[in-house]
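Engineer: Top to bottom, those sequences are chains U and L. Quick note: the first sequence, position 17, residue 17 per my numbering, numbers continuous. Quick note: the second sequence, position 267, residue 267 per my numbering, numbers continuous.
Be a bit skeptical, because a hint or two may be false.
What the hints assert, rightly or not - No more than 25 Å apart at the CA atoms, straight line, and that leaves these computed lysine to aspartate or glutamate pairs for DMTMM-like:
hint, chain 1, residue 1, chain 2, residue 2
1, U, LYS59, L, ASP390
2, U, LYS59, L, GLU336
3, U, LYS56, L, GLU77
4, U, LYS212, L, GLU369
5, U, LYS56, L, ASP390
6, U, LYS212, L, GLU336
7, L, LYS384, U, GLU62
8, L, LYS57, L, ASP45
9, L, LYS146, L, ASP33
10, U, LYS113, U, GLU181
11, L, LYS146, L, ASP45
12, U, LYS59, L, GLU338
13, L, LYS146, L, ASP273
14, L, LYS384, U, GLU80
15, L, LYS442, L, GLU377
16, U, LYS212, L, ASP390
17, L, LYS146, L, ASP328
18, L, LYS324, L, GLU363
19, L, LYS442, U, ASP58
20, U, LYS59, U, ASP74
21, U, LYS56, L, GLU377
22, L, LYS122, L, ASP173
23, L, LYS442, L, GLU429
24, L, LYS146, L, GLU159
25, L, LYS384, U, ASP58
26, U, LYS113, U, GLU175
27, U, LYS45, U, ASP74
28, L, LYS57, L, GLU94
29, U, LYS59, L, GLU43
30, L, LYS57, L, GLU362
31, L, LYS324, L, GLU362
32, L, LYS324, L, GLU336
33, L, LYS442, U, GLU62
Calculated from the structure, these hints are not laboratory results.
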Amino acid sequence: MREMIISELTQALHELARDFAHFLPRLIVMLILAFLGWLIAYVAKVVLRSILRLIKFDKLSENAGASQLLNKADLPSATEVLSRFVFWVAWLGFILLGVSVLGILGLQEQIAKFFLFLPRLFVALFIMFFGLLAASFFSRAALLAAVNANVPSPRVLSLAVRSIIVVFVLSIAFEELGLAEQTMLVAFGIAFGALMLGLAIAFGIGGRDLAKRFLEKKFVRSKHEEGEDELSAL
Amino acid sequence: MMETLSPGASSRGRAEVIHTELKLEDETFLTDDFLRQLINVGEVDILVGLATHNNAKTIGSIVQTIQSGILQAFPRERAVIIDADGGSHDGTPELVTGVSIDDVRRATNPYALRTLHSISTKYASSPASGVALRTILAAADLLRAKACIVMSPESASIEPEWVSKLLRPVYRDGFDLVTPTYRRHKFEGLLMTNLLYPMIRALYGERIREPYSSEFGFSGRLGSQFLNQNGWNDGGGGAGVELRFTLAAITGGCRIGQSFLGEKDHVERHAADLVPTLRQTVGSMFSALGADFPVWSVVSGSQPIATTGSDQELLLGPMRINRKRLRDMFSTGVAELESVFQSILSPTTLAELQRIAHLGEEEFHYSAELWVRTVYEFAASYQKSVISRDHIIQALAPLFRGRVFTFLTENRNASASEVENNIENLCLEFERLKPYLLQMWKSRE
Chain U
1 MREMIISELT
11 QALHELARDF
21 AHFLPRLIVM
31 LILAFLGWLI
41 AYVAKVVLRS
51 ILRLIKFDKL
61 SENAGASQLL
71 NKADLPSATE
81 VLSRFVFWVA
91 WLGFILLGVS
101 VLGILGLQEQ
111 IAKFFLFLPR
121 LFVALFIMFF
131 GLLAASFFSR
141 AALLAAVNAN
151 VPSPRVLSLA
161 VRSIIVVFVL
171 SIAFEELGLA
181 EQTMLVAFGI
191 AFGALMLGLA
201 IAFGIGGRDL
211 AKRFLEKKFV
221 RSKHEEGEDE
231 LSAL
Chain L
1 MMETLSPGAS
11 SRGRAEVIHT
21 ELKLEDETFL
31 TDDFLRQLIN
41 VGEVDILVGL
51 ATHNNAKTIG
61 SIVQTIQSGI
71 LQAFPRERAV
81 IIDADGGSHD
91 GTPELVTGVS
101 IDDVRRATNP
111 YALRTLHSIS
121 TKYASSPASG
131 VALRTILAAA
141 DLLRAKACIV
151 MSPESASIEP
161 EWVSKLLRPV
171 YRDGFDLVTP
181 TYRRHKFEGL
191 LMTNLLYPMI
201 RALYGERIRE
211 PYSSEFGFSG
221 RLGSQFLNQN
231 GWNDGGGGAG
241 VELRFTLAAI
251 TGGCRIGQSF
261 LGEKDHVERH
271 AADLVPTLRQ
281 TVGSMFSALG
291 ADFPVWSVVS
301 GSQPIATTGS
311 DQELLLGPMR
321 INRKRLRDMF
331 STGVAELESV
341 FQSILSPTTL
351 AELQRIAHLG
361 EEEFHYSAEL
371 WVRTVYEFAA
381 SYQKSVISRD
391 HIIQALAPLF
401 RGRVFTFLTE
411 NRNASASEVE
421 NNIENLCLEF
431 ERLKPYLLQM
441 WKSRE
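Model the full structure from these sequences, guided by the hints.
Structural biologist: Given below as structure tokens:
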């Protein structure tokens with residue numbers, strides 16, 4: 001009995017030692033991959049940061065309104081955030097690659113999913129950034145046009161333009177990420193519909209007098225008014 | 001009736017010479033029909049350009065006035081009137097080519113010893129001032145015109161003498177560019193008196209009263225030079241090309257003069273016209289500053305230019321302008337566009353603008369110094385493209401209205417000499433603060 005226990009124990013220890021002997025090189029490979037990954041991710045971060053500084057990405061981000069959001073959240077500049085993000089994504093990718101080398105069952109599938117998700121994440125971020133840029137540009141264009149046309153409440157108009165574009169961009173970005181597609185679709189429909197209804201009610205009821213004045217000014221402007229408005233710039 | 005040369009042997013030979021000199025670019029740019037008409041004309045001494053678009057009401061009398069002016073002052077010279085039409089639907093081109101020279105001869109007595117041609121070409125289906133001027137310059141280049149003028153197709157006050165006043169200094173005295181000066185109301189041309197004239201004077205050192213005008217004379221040499229150097233394919237139809245033409249003459253070291261023409265028409269404008277006008281003029285000037293930096297950065301002070309006749313005459317009659325609306329639009333603009341101004345203006349300037357925006361109508365005063373600082377900061381921000389350049393120009397409109405309000409208030413009861421004095425003081429302020437612009441320009445580089 002005693003011999004049998006010792007034999008089983010020895011066999012178990014042998015198997016453990018054999019498994020460990022098999023596992024050790026993979027662990028070392030994982031650690032090497034993690035180290036290499038850190039190195040590559042670091043270089044990628046430095047290169048990306050230089051490129052972004054060269055193309056004045058912070059300025060672009062400021063124009064898009066992204067810098068203001070980052071400032072409010074006490075985060076560093078857009079260049080720094082993006083560089084760090086790329087560093088962490090790259091390093092995490094290498095770590096996961098290393099983990100997959102370990103051959104742990106169940107993890108492989110999740111790691112594959114992560115790698116499949118990465119391109120979608122980048123596309124979503126791309127959409128978000130340029131969407132914010134477009135929202136900022138068009139809302140400013142609306143604001144300037146409204147101010148110069150002497151339209152009342154120009155900031156409301158500008159905000160409405162920005163909101164419509166941001167909601168639209170968010171829904172596209174979430175759809176790209178595959179997150180709560182149905183919820184986002186319904187939320188977008190509700191938000192957009194509510195906005196349009198609100199505007200229709202505002203213009204139809206609240207802005208009746210304003211619309212009347214606007215149309216009168218536009219189409220039945222009297223000679224007297226024209227005379228008063230005249231300003232020859234050249 | 002349009003008169004044309006009979007296609008004799010000598011004119012055919014001349015035409016062939018001209019035709020072989022056509023550049024590929026010109027061949028594709030000008031229509032075959034237009035080129036054929038130019039070849040029939042041959043070389044000319046004088047060219048008058050018109051950029052028309054639905055000007056049927058005025059163009060007939062203007063062409064007659066021009067013909068009369070040429071007959072009176074240049075009866076021995078070979079002359080042509082070129083109409084570059086931007087897709088008129090009211091028969092403007094036919095009116096240009098259909099004006100009979102005989103009517104003019106009967107009215108003015110003298111006879112031309114040479115043929116006076118009138119040619120019209122449609123350069124596009126919609127008007128674009130840049131393309132129109134390019135067409136006129138290309139025609140002048142091909143016809144080897146010695147002296148040219150561009151005339152406004154809608155000026156009701158044009159006189160035959162305007163032709164010689166703009167042409168003579170170029171044709172006889174060797175000037176390269178002759179800009180006009182006018183007699184007009186003290187509150188007309190406010191963008192010119194409050195921004196374009198003082199800023200161009202301060203930066204480029206030349207006291208040109210009307211750097212952007214619909215009437216001007218120029219030498220064939222300057223026309224050809226500008227035709228070859230200007231980036232015509234900017235996609236914007238070349239808006240503001242007249243101003244770039246003036247600046248090109250300054251930076252090219254050309255001989256520039258100005259000539260007093262007479263009374264300038266009052267053009268009916270509305271508040272909505274201001275932004276397109278700013279784009280054409282201030283936008284063109286700001287965009288030229290980048291390329292011209294080596295020239296204007298070394299200029300200090302300013303020099304008067306040779307002037308024929310009066311420098312500028314001001315009329316003092318009453319004029320209805322809604323001053324309250326101007327001030328309201330300024331205040332609204334400053335309040336609503338704060339986020340835009342934060343990108344363009346320095347904190348000090350913005351704070352000062354916000355302070356005056358809250359003042360009542362009586363206390364409101366947009367000082368010359370603050371206005372100059374504002375304009376210079378806009379110019380530097382435009383150069384740096386801190387936001388969309390078009391947005392920068394649009395953002396200037398409410399501030400310009402504020403400055404106009406102060407100008408109107410300051411000069412409400414002022415005599416012509418007092419108004420001139422105020423304009424001169426503003427010019428000196430632009431000159432005094434030029435180092436501030438240079439400093440911003442360099443720091444922003």
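Engineer: With reference to the structure, classify each hint as holding or not holding.
Structural biologist: Each hint, compared with the structure:
1. LYS59/U with ASP390/L: holds, 17 Å
2. LYS59/U with GLU336/L: holds, 22 Å
3. LYS56/U with GLU77/L: violated, 58 Å
4. LYS212/U with GLU369/L: violated, 42 Å
5. LYS56/U with ASP390/L: holds, 20 Å
6. LYS212/U with GLU336/L: The hint holds at about 24 Å.
7. LYS384/L with GLU62/U: holds, 14 Å
8. LYS57/L with ASP45/L: violated, 29 Å
9. LYS146/L with ASP33/L: Given that 25 Å is the threshold and the Cα spacing comes to 24 Å, the pair holds.
10. LYS113/U with GLU181/U: holds, 18 Å
11. LYS146/L with ASP45/L: holds, 5 Å
12. LYS59/U with GLU338/L: Holds - the C-alpha atoms of GLU338/L and LYS59/U are around 18 Å apart, at most 25 Å.
13. LYS146/L with ASP273/L: violated, 36 Å
14. LYS384/L with GLU80/U: Measuring from Cα to Cα gives roughly 23 Å; hence the hint holds.
15. LYS442/L with GLU377/L: At roughly 12 Å apart (the allowed maximum being 25 Å), GLU377/L and LYS442/L satisfy the hint.
16. LYS212/U with ASP390/L: violated, 31 Å
17. LYS146/L with ASP328/L: violated, 51 Å
18. LYS324/L with GLU363/L: The given pair, whose Cα atoms are some 13 Å apart, holds under the 25 Å limit.
19. LYS442/L with ASP58/U: holds, 21 Å
20. LYS59/U with ASP74/U: Holds, at about 18 Å.
21. LYS56/U with GLU377/L: Holds, because 21 Å separates the two Cα atoms, which is no more than 25 Å.
22. LYS122/L with ASP173/L: Status violated; Cα separation ~33 Å.
23. LYS442/L with GLU429/L: holds, 20 Å
24. LYS146/L with GLU159/L: Given that 25 Å is the threshold and the Cα spacing comes to 22 Å, the pair holds.
25. LYS384/L with ASP58/U: Holds, at roughly 14 Å.
26. LYS113/U with GLU175/U: holds, 17 Å
27. LYS45/U with ASP74/U: Satisfied, since the Cα-Cα distance of roughly 21 Å is no more than 25 Å.
28. LYS57/L with GLU94/L: Between LYS57/L and GLU94/L the Cα gap is close to 13 Å, so the pair holds against 25 Å.
29. LYS59/U with GLU43/L: violated, 54 Å
30. LYS57/L with GLU362/L: violated, 44 Å
31. LYS324/L with GLU362/L: Holds. LYS324/L to GLU362/L sits at ~11 Å (cutoff 25 Å).
32. LYS324/L with GLU336/L: holds, 18 Å
33. LYS442/L with GLU62/U: Measuring from Cα to Cα gives roughly 22 Å; hence the hint holds.
In the structure shown, a violation is registered for the earlier hints numbered 3, 4, 8, 13, 16, 17, 22, 29, 30, in ascending order.
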